[in-house]
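**Student:** Residue strings, one per chain:
2 protein chains.
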Amino acid sequence: MSNLYNELTCLLEAASADVLELQRLHRRQPSSVTEDLVPGQRMIKTLLIGILCGAAALTIGILIGHFGITKSGSSAPPWLQDVAKDVDESLIETFLSEVNTLRIEENLRELTRVPHMATTAGDERTVQLMLKRWQDPETGLDRAWREEYLVYLSFPDPKKPNKVTVVGPSGDVLHAIREKEKPYTAEQEDPEVVQPYAAYSPAGHAKGKLVYANQGTPSDYERLNQTVDLAGTIAITRYGGAGRGAKAVNAAPYGVAGVLVYTDPRDINDGVTSDAGETYPHSWYLPPSGVERGSFNGQFGDLLTPYLAAKEDTYRIPAENVTGIPPIPIQPIGYEDAYVLICALDGDAAPQNWQGGFNCTYNLGPGFKPTSAFSASDVQMDIFNYEEKRNSSNVMGVIRGSVEPGEAGPKQTARIRLGLCSECVRVHRQVRDLWEPQGQLGARRHRPEQRDLGHAGAEPRSGPVGEAGQMEAAQVHHLQQLGSRGVRTHRICRIHRAILHQAQRTHRRLHQRGHRCVWSPLPDECPPPCMRTGCGSPTEPARLWDSSPDWATSREQGATTRPSCTTWESLPWTSHTHTTGLKAALGPTPPTTPHTTPSTTPPGSSTQVRTHVLLRECPRHRSTRVPSGFLSHQAVARTAGNVLIRVADSLLLPLNCSDYAETLEQYLTTAESLYQEQLSAQKIPMEPLKRAVANFRSAASHLDRVIGASDLKNETPLKVRRINDQLMLLDRAFLNPLAFPEKYAYRHVIWASSSAGQPTFPGLADAYAQAESSGQSRDWERVHYQLSVLTQSIDGAAQTLVDVI
Amino acid sequence: MSNLYNELTCLLEAASADVLELQRLHRRQPSSVTEDLVPGQRMIKTLLIGILCGAAALTIGILIGHFGITKSGSSAPPWLQDVAKDVDESLIETFLSEVNTLRIEENLRELTRVPHMATTAGDERTVQLMLKRWQDPETGLDRAWREEYLVYLSFPDPKKPNKVTVVGPSGDVLHAIREKEKPYTAEQEDPEVVQPYAAYSPAGHAKGKLVYANQGTPSDYERLNQTVDLAGTIAITRYGGAGRGAKAVNAAPYGVAGVLVYTDPRDINDGVTSDAGETYPHSWYLPPSGVERGSFNGQFGDLLTPYLAAKEDTYRIPAENVTGIPPIPIQPIGYEDAYVLICALDGDAAPQNWQGGFNCTYNLGPGFKPTSAFSASDVQMDIFNYEEKRNSSNVMGVIRGSVEPGEAGPKQTARIRLGLCSECVRVHRQVRDLWEPQGQLGARRHRPEQRDLGHAGAEPRSGPVGEAGQMEAAQVHHLQQLGSRGVRTHRICRIHRAILHQAQRTHRRLHQRGHRCVWSPLPDECPPPCMRTGCGSPTEPARLWDSSPDWATSREQGATTRPSCTTWESLPWTSHTHTTGLKAALGPTPPTTPHTTPSTTPPGSSTQVRTHVLLRECPRHRSTRVPSGFLSHQAVARTAGNVLIRVADSLLLPLNCSDYAETLEQYLTTAESLYQEQLSAQKIPMEPLKRAVANFRSAASHLDRVIGASDLKNETPLKVRRINDQLMLLDRAFLNPLAFPEKYAYRHVIWASSSAGQPTFPGLADAYAQAESSGQSRDWERVHYQLSVLTQSIDGAAQTLVDVI
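Residue numbers (this note's numbering), protein chains in the order written: chain H, 560 to 1364; chain P, 560 to 1364.
Accuracy of the hints is not assured; some may be wrong.
So the derived list for chain P, only partly shown, Cβ under 7 Å to chain H, looks like this [to be verified]: (1) A868; (2) D872; (3) T873; (4) S961; (5) P1296; (6) L1297; (7) P1300; (8) E1301; (9) Y1303.
If you want the ones that stay clear, here's a sample from chain H, every Cβ over 12 Å from chain P, calculated [to be verified]: (10) Y898; (11) A1240; (12) P1244; (13) T1350.
Calculated from the structure, these hints are not laboratory results.
Even for Gly, the Cβ is constructed at its ideal location relative to N, Cα and C.
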């Protein structure tokens, strides 16, 4: 426009020049008159000049009128640019470069300074800390607040520590299980560090012969019961294979009186057991007296308020109606004590795959060897846990979006949540700190167990999107946003039943499962262990990958598939190699901050779980224990922030429904190979499911074509909104609250939990497994029912992707 | 930019001033030589004129450039006007004036030409008819198609008509109930007219002493059982008070062997019973042999596929697991036969309010008077109904919207459905023709019964949004749309599970309940009988009313509340008076077509149900029987079309969340007065509910203020989309699929059905009634649970109305 102005000024100057020329002519007049131009000729010339000038002026006028003056009625409104705004790659680069390991370390140090079990003073301190940070007018979020819940928790009695003893025939105590870990650092001696206990284990006294029940799965007890009469016994089990609480739940039907659980060195320490130089504090291996505490609640959310928010006045079911918790006493112990017990066991040798890391044969029992010091002795458990309703707080924060700020309710496009999977999930509430016993509230199964001593330096403080990194990501991202406010509103963890339930949502959770970084598709269900590279919901990662230079390069070099999930699994936090996946997720590499993930695993280590064991250490040792100097935390914060910004600011959401089609096809292929023959025999047709999956593929391709053929920046913003809604709401079409009446809180027909262990549709897989095992026609009918539910869900989901006409 | 224009104008003026000054100087110069202008002077003058012309040309050019040429680069995009488009009132006026009674009559004649019970040839004919109309390239919709379902239906055996006889002690038949109505017209003798039967009554043979059980409600049987041993009896009941099937369901626990049901003249004919001049064909009163058929299924949707679409391959529950249908034989009979039976009954006189329109005392039985011809006789029922799965079709149609066409799935803004309540509802499927026995598929309770002989001239053909009017509305509206395509897509009845379940929706149903025209809030639940004037969901009618001239006038005259529901109830189809409501809903009165509703009720009639009885008549008589000449049909088509256009085209949806707040407050007031005292005694706090309702009011007021303060035509279209989503999705926040496990297909915590009969929150009311009656603490806990569900739903709904920050 300034060009135009210059041009016009020039033209005006030219017009003035005309005037000056006129003046000049006028002055020259006497001389010119001497020329022999007749007056008529002169006049014609003058007129011609005049006409030319007039034409020039008309042209100028047209130009001025067209370019120089804004139309009032039909001009472009000021919001036009906003609605076409796309993600700013330079913002992401700046963000990535600004994520600061020192600040993360400081965050972690602050968050873990004192033990902070839920509802304790230490817990309140972390609430205050996060509130203070997020409410800081300078560097905080646009809004941050606390949300309180009244939750049903389980505690050990500080005055009566739980006791496990070996009692001789005459009643004398031959051995007493250590009541607290052996202290290696001053921090451990903090009286606020909770004593070992199994949250939600009932109080009670049990006494009986000891048996070894491997991992306490249903088949373990079944197998053991073939050899040993389990009635009245105490079963010792190792962690793994079954949920913590399940080890007691599975035992009860056999009449087992009590259960012990310990961490076997084979599972966690590469067999290393000595604390004289081998284990913590000399390495990251679990020391012999270390005890893994945790929630022994297999359900999600507050136990007394299923499907409701656990607010003060909420109706609570009677405590005796609670299910999914141990019906008999259970207590965790260290492997130091487990060694003493197991190596003294009598009876047949346990099967080979039941053997653990101790230097003795694991026998089944019952009871101890006559040759041992515990001959004819029983194991006695005295558990004094108690349950109590206590107030517990969550901390929430919001960064307001500029273009689609959204409202608190249905317009979830406008809200992107950042939080731990288990925080923003499932049961209509979440709590900032999910550690024991507050972890009782969370969806524990999606996170590794806590073997911490109370400072909780690992998860949720250090895990992917752990608070330490979350605080850093939030802070850096917010700083970025101050310069260039994002399109959509960020909500840093807040939940409300109605929102969860009714609202559309883009909330995707980055969380840790085993040691994969996964994106889960919905608050309802987390995805199965291995999905695809970007890890998680099939709709999500494709665009993130596609937009990454690494992947773009690979594709140029002829790669046709993205790095596999296996690749991802083998890499993230433990190796310098195979970093493609992480780098891709992290986006372009800022020149000064290489994104190679640090090696945190010592040479020769064989299990990924060690990374976690490492992280579990006390904060004081964290920085020295993490050789990377918090580079892995940084990488996670970067990944989270990168994704957060892309989801918040991209004009077209970085989701891909064709990847969903691919997953459905894979599931279908598996289902066909596993079930088709038997289903045919049962006259249950699979064709409708095949047609539905094909419909879905076709609808997804259609939407891809619509997107490809669109000029979203220039078409009506209602179009990109419509497409974003289609991408975003796709998962909703798979929700069916009546699909799994037997599975509490599950309703996603593709990602619900499954016990069948097959990479296929969960409802179908479980129903099939049941029918195949029972052979009853009633169970085959359930298979058909699940097929119908699934087929109609997929058909319905496909419908959401096509045009109305 | 206009500054620039000013500046340029100034510069131009300045330039002209220079020229003028030059002229002035020039003129002054020859003041001495005024007479003879030198040639130079002449030239100057010419040049001056030229320059002035040039200036004029410049100005003209500016004007041309500004107004004459469309901008390309930064100018307003072509869609800008579309996204700000609002409803065109003149379109509505044209629509209203074009709704044609003759075409409606013709539609009705065509639709009812032959009996067309579902799945018969006559039924297929109506499918074809509607498809042909809607697929017509000239006058049809943008798309129309058929959707097929495989449904579980019940039929009488044409070769073995159901028999009800009075059998003497020696086995001789003393009286046989008429197997078909007495024919008055040739149409009635069409062999396709189905014989009287109770759809879903089991086949079977029952014989026993007759008893009179009033309306067959639970309390009726309870009362009767105090006097008579019901085991093995046949109970005769009159229509009303309980659902059809319920009369048998309620009887079974008392050991009743079979049930008869008839229409009492007191309930339908003002007591008139004679067909010698009094009843049809001499009036619209039901003739003595007339039998009301209908579905005796109390559930919604196909009985074998609960919560699933009844497609061919869908899993079906075993027929023996079906609930909600008569467990014992039941058969409808005419009052001619009922008179013979009831007036011969022995036993005590029935209570006063059990007495009906016959000129005898209704005794309770058991058995007949010794003085009667039936002394010592039994009633014998021989029922030969059978069930069968048959294909049944629905017809769907779509008019595509121009601005927000929507997709088939989640973007329901873009889709407005027009259809019968029971068609577009509840159980994921609907069928075009809900008549018996196809009516078995529908949500019968929301529609009056069918007492037709098979031609189905009343509902759904003539009811509000009956097909006759629907076809007309669709056609006229489509014609309108061709000229000015609507903003949002219309969908004329189509259902899909995923769409219903997951999608956002604006689908509101205009349907008849009793004889009120109501708008129901959601496909899930129809609203309680009386809501407010516009009739129906509180969010809906306000703007319709507010925009009506009648209401605007009343308001100017000081009215502060809209016409009450009572007013509406007392008026619609039967009277010239009190037409405010209807007129308001109809919108502005086109000058040539007065909207006064016709009187279709003869003088002296006292019950509205007669209108229906009138409408039930054969099509041949319809036009003569409807004195209005189809003006009421026209009024209904107009109402439907008016609303349809407003919902489809209004920039801001004509919904009002503050009216919802008002309803919640009214419900709360009722709940407080009814329950508060007892709840306090039970230590169940009502305060959370009160706070939630107050929150909701506050949130609704906030949204109203946001709307009031917005300039929606000129702000980003994403803003009006957001507000429309808030208005539209509000009801979703009230859905809780787990709130009423005992109520099939209900999940709206405000509008679910309730048996407590109180104008308050249904779940609370029912739970309270149960607790008060049983006094058990378990039931009081359910009350608390319902309070929590309700409170959290209202809180969640309020959340959807406020800003995210």
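**Student:** Run the C-beta distances from Y898 of chain H to all of chain P and say if the shortest one exceeds 12 Å.
**Tutor:** Holds: least Cβ distance 48 Å, greater than 12 Å.
**Student:** Is the shortest C-beta separation between P1296 of chain P and chain H less than 7 Å?
**Tutor:** holds (4 Å)
**Student:** Going by Cβ atoms only, is L1297 of chain P closer than 7 Å to chain H?
**Tutor:** Since the shortest Cβ distance to chain H is 6 Å, the answer is holds.
**Student:** Identify whether the interface hint at A868 of chain P stands, where standing means a beta carbon of chain H within less than 7 Å of its own.
**Tutor:** Since the shortest Cβ distance to chain H is 6 Å, the answer is holds.
**Student:** Is the Cβ of T1350 of chain H farther than 12 Å from every Cβ of chain P?
**Tutor:** violated (8 Å)
**Student:** At a threshold of 7 Å, is the proposed contact between Y1303 of chain P and chain H supported by beta-carbon distances?
**Tutor:** At about 11 Å, which exceeds the 7 Å cut-off, the nearest Cβ of chain H leaves the hint on Y1303 of chain P violated.
**Student:** May I ask you to test the interface hint for P1300 of chain P with respect to chain H, counting a Cβ-Cβ separation under 7 Å as satisfied?
**Tutor:** Cβ of P1300 of chain P sits 9 Å from chain H, so the hint is violated.
**Student:** Taking the closest Cβ pair, is E1301 of chain P under 7 Å from chain H?
**Tutor:** Because about 14 Å separates E1301 of chain P from the closest Cβ in chain H, which is outside the 7 Å limit, the hint is violated.
**Student:** For A1240 of chain H, is the shortest beta carbon distance to chain P beyond 12 Å?
**Tutor:** Correct as stated: the minimum Cβ-Cβ distance to chain P is 17 Å, above 12 Å.
**Student:** Classify the hint on D872 of chain P as holds or violated, based on whether any CB of chain H lies nearer than 7 Å to its CB.
**Tutor:** holds (4 Å)
**Student:** Could you let me know if the closest chain P CB is still more than 12 Å away from the CB of P1244 of chain H?
**Tutor:** violated (5 Å)
**Student:** Mind checking the CB of T873 of chain P against every CB in chain H and telling me if the closest is under 7 Å?
**Tutor:** holds (5 Å)
Going down the numbered hints, you'll see the structure goes against 4, 7, 8, 9, 12 and 13, while the others check out.
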